[in-house]
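Visitor: Residue numbers (the working numbering), protein chains in the order written: chain A, -10 to 604; chain B, 821 to 903.
If you are wondering where the hints come from, they were derived from the structure by calculation, not from laboratory data. Watch out, some of these pointers could steer you wrong.
[Unchecked claim] The calculated lysine-lysine pairs, modelled on DSS-like cross-linking and capped at a C-alpha distance of 27 Å, are:
1) A:564 - A:469
2) B:841 - A:274
3) A:118 - A:138
4) B:833 - B:859
5) B:841 - A:564
6) A:414 - A:250
7) A:135 - A:103
8) A:250 - B:841
9) B:833 - A:274
10) A:372 - A:135
11) A:550 - A:469
12) A:550 - A:560
13) B:859 - A:469
14) A:469 - B:862
15) B:862 - B:833
16) A:571 - A:540
17) A:195 - A:213
18) A:250 - A:540
[Unchecked claim] Per the computed footprint, the stretches of chain B lying under chain A, defined by three or more beta-carbons under 8 Å from a beta-carbon of chain A, are:
19) 859 to 865
20) 869 to 875
The model shown is predicted, which means the values in this text are computed figures rather than measured ones. C-beta: ideal position from N, C-alpha, C; glycine also.
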Amino acid sequence: MSWAKRILRVNLSEGTCQEEPLNMDWANQYLGQRGLATKYLASEIDPKVDPLSPDNKLIIATGPLTGTAASTGGRWSVITKGALTGAIACSNSGGFFGAELKFAGWDMVIFEGKAPNPVYLLIQDDVAKLVDASDYWGRTVWETEKGLKAEYQDPQMRVASIGQSGENGVKFACVVNDLHRAAGRSGVGTVMGSKNLKAVAVRGTKGVKVDNPEAFLAAAADGKAVLAENAVTGEGLPALGTQVLMNVINETGALPTHNHKDVQFDGASDISGEAMTVPRRSDGKPNLTRNGACFGCTIGCGRISTIDPEHYTVKDREQYQKASGGLEYEAAWALGAATGVSDLDALTFANFICNEQGFDPISFGTTVGAAMELFEMGVLTTKETDGIDLTWGNAEALTTLAELTGRGEGFGAEIGLGSKLLTEKYGHPDLSMSVKGQEFPAYDSRGIQGMGLTYATSNRGACHLRSYTVASEILGIPEKTDPLSSDGKAGLVIAFQDATGAVDSAGICVFTTFAWSMDNIAPQIDAACEGDWTVERLLEVGERIWNLERKFNIDAGFTGKDDTLPKRLLKEAAKTGPAEGKVNELGKMLPEYYSLRGWTDDGVPTNETLDRLVL
Amino acid sequence: MLITIKLFASLDKYLPDGAVKNQVPMTVEEGVTVLDVIKSLKLPQEHCHLVLIDGVYVAPTERETRIMAEGEALAIWPPVAGG
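Using the sequences and the accompanying hints, generate a full structural model.
Guide: What follows is the structure, given as C-alpha cells:
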C-alpha cells in the first residue's frame, strides 16, 4: 500500500477518462512520481515527438509518501517532453494539490491527445470528467482557481492550472497550484496549454493507506524530530527561507550577474532575505509578511510577502497589494541580479505576475538579462522592444515585460521564446545562459565547480535541483568540499543525482535532505510501502531513473555534445571574488563522470550498465 | 587596523552599532585571529557555521590560527541552506 494503485488515463482527443491499475512491477523498480511517471512516458511516446504535438503526453504524478503523515509529504510532479528543451521534463511542486489527488484515490493522471476545445479535468474521488473550460480560457491562474472554487462552492477543492502564458505558447510556462506553488521549469505548462487543458480541479476524501501504520508513524515522527532539531530545517529555513542565500552566494563570488558577465552584484543586499525583513517607510511593515508551509511540511520555508502599497507597480491595483507567495531565492536572483534590478518591490511584483500568469521566473529573468545584454551591444534597440529601455537595472522595464510576457503581447512575446531562441534570432546564441535550452539557476559554476557538471549533465537542462552540490561546496552539508576545485566533483555530483532521483520519486521535498540522510528516508518508505525498501535499493532506484532519463534524451536526439556549458563559463574568467581568474573546469570533470556512470566516452550508457539496472 | 564585519540571518543581532545592510567597519589589533573577533562580538561559537574571509571559507579548525589582515571582510552565518 501507500500507492493508491490506480491511474486515471484521460484521452483529450476523445474526451474519455478511464481507470487502469498501476503497474506494480514498475512501481517496485521506479518507486513513484518522477521515476515511475518517466517510465510510463518513455514507454508510451516516441522520444522524437514534437513536444507540442498531440502525440506528446503529460503526466501528473504523486509519490507513495504523498498525502501521508511524512513531513513534506505533499509533493507531486508534472512529467512530459519539455516545450523549452525537447528533453525529458519533470517539474516538482508542493502546495496541497498533490495530497488531494492522492486522497481522491489516484497515483497519477496520464493526459494524451489534444482536446478540440478548452477543457478542464474535474476529479471528485472516483468520478472524473472533462468539462468545457471556455469560461476560464484567457483567464489567469488566480482567476481560474478562484472561479472554480466558487463555481463548485468548495473552498477545499485544489486546483492546478495554466495562465495566459501557457495558452499563448510562452516556452517556459508553468503549471501553478494553490495560487503560488508551481511545477515551474522546462515548459510543462506550455505542453498543457498545447493540449487545450486549462486546469485540473480535484477533491478527495478517501485518505491514504500505508502498509504498516504503527511502524510508519514511528518512522515519520523520528523524521520530524530530526528536522526540528536540525539548525537548518528547524531554524534557518523557517526564518529567512531560501532567500538567506542571496548574501551567501554573493560573498562567495558565485552570484551570476548581468547575464553572467559578473559574479557579484552590488545590489545583492537590497534584494536579500535580510532586506525582506526591514520595515519600510510607507506603512512600517516589511516585505516579508510570514513564512508558509506546504501540505504536511514541518519546515515551512515558503515566503509570503506584500508589496509597498505606495510602490509604482501596485498603486491603484488592489489585487497586487495583498500578501502572496515569494520571493524565493531563485526568483529574486533571476529577476534581480541577472538583470541588475535591485528594487525589492519591483522583483516581488514581477514574481507575483509570474505566479498569476503561470511562467517560470528563472527562465523569464534570465531571458530578460540576455535581452539587456543585446540592448547594451546595440543589437536590440527601442525599435525592437516597442520603446522599452532595456538598460541594466531598469525596474520598470522588468515589470512591464513581466506583464507583457504573461499576456504574450509586444516584446513580451519575444521574451516568451526563452533565451536560446531569442539570442539565436538576433544572431548571438552564445549569450543564452542555458544548457539544453533551459536557463541557469542562481549559482555561477566558475565559483562552484561542481555545479558546472551538475548543469551540463542535468537531464532536463540547466537545473540546480538535480544535484545540489552547493550544499557541500558552499554550505558544508553533509561535508564541506572546496567550491573552487573540480577534484572529486564527478563522484559528488553522481551521489547527489542518484539520491535526488529517489527523493523526487517518493512524494517528499528535497529540502528535507539538508537534515535527513537516506537513513532517515528509507524507514519511512519501507513502513509505508509493500516490500523491503533499503537505502541501497533507493539509491539503485535513483541511478535507474537517471539512466532512464538519459536514454530518453539520447533517443530524442541529444548526444554527449549537449553536455556542455555556454562559452562564457568555459572561456571568460570570473572578474571578482574568490573565483577571480577561474573558468569552469567541465572538460576535466566530464570524462570522469562518464566513466563512473558506466557510460561510453561519448556519454552513452553501455549495455552492461543498462543490463545492471534492468533497463 | 580596519576590517569589515558582516553578520547575517539570526546573527545580525550581534552586529555592533552603526551597521548598515548587515555590515560594519571595525578597528582591531594587529594579529587578531578569527576566533578573537568571534569572541569579541560575543557570538555563540556553535552558531558560527559558515565563516568566510573575503568569500573564502575558514574551517572551524583554522579559526584559532587564521590572523585577520588589514581591509579583510569577515562574514559569518548560522547554519543556513536554500535552493
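Visitor: For the pair supplied as a hint, residue 414 (chain A) and residue 250 (chain A), is the alpha-carbon distance within the 27 Å limit?
Guide: Roughly 21 Å between the alpha carbons, so the hint for residue 414 (chain A) and residue 250 (chain A) holds.
Visitor: Please work out if residue 250 (chain A) and residue 540 (chain A) have their alpha carbons no farther apart than 27 Å.
Guide: It is violated: about 34 Å lies between the C-alpha atoms, which goes past 27 Å.
Visitor: So if I understand the rule, the pair passes when the alpha-carbon distance is 27 Å or less; does residue 833 (chain B) with residue 274 (chain A) pass?
Guide: Given pair residue 833 (chain B), residue 274 (chain A) holds - Cα atoms ~19 Å apart, limit 27 Å.
Visitor: For residue 862 (chain B) and residue 833 (chain B), compute the direct alpha-carbon distance and say whether it is at most 27 Å.
Guide: Cα-Cα ~11 Å, so holds.
Visitor: Given the hint that residue 135 (chain A) pairs with residue 103 (chain A), does the C-alpha gap stay at or below 27 Å?
Guide: 25 Å, holds
Visitor: Test coverage of the region 859 to 865 of chain B by chain A using CB-CB distances below 8 Å; three residues minimum.
Guide: Our answer is that it is violated, as 0 residues pass the Cβ test (under 8 Å) against chain A, missing three.
Visitor: Between the alpha carbons of residue 550 (chain A) and residue 560 (chain A), is the straight-line distance 27 Å or under?
Guide: Judged against 27 Å, a Cα distance of about 17 Å means the pair holds.
Visitor: Given the hint that residue 372 (chain A) pairs with residue 135 (chain A), does the C-alpha gap stay at or below 27 Å?
Guide: At roughly 39 Å apart (the allowed maximum being 27 Å), residue 135 (chain A) and residue 372 (chain A) break the hint.
Visitor: Between the alpha carbons of residue 841 (chain B) and residue 274 (chain A), is the straight-line distance 27 Å or under?
Guide: Holds - the C-alpha atoms of residue 274 (chain A) and residue 841 (chain B) are around 17 Å apart, at most 27 Å.
Visitor: Take the C-alpha atoms of residue 571 (chain A) and residue 540 (chain A), compute the straight-line distance between them, and say whether it is at most 27 Å.
Guide: Violated, because 33 Å separates the two Cα atoms, which is more than 27 Å.
Visitor: Going straight from one Cα to the other, do residue 550 (chain A) and residue 469 (chain A) come out at no more than 27 Å?
Guide: Given that 27 Å is the threshold and the Cα spacing comes to 31 Å, the pair is violated.
Visitor: Regarding the pair residue 469 (chain A) and residue 862 (chain B), is the alpha-carbon distance no greater than 27 Å?
Guide: Between residue 469 (chain A) and residue 862 (chain B) the Cα gap is close to 25 Å, so the pair holds against 27 Å.
Violated hints for the displayed structure, listed by number in ascending order: 10, 11, 16, 18, 19.
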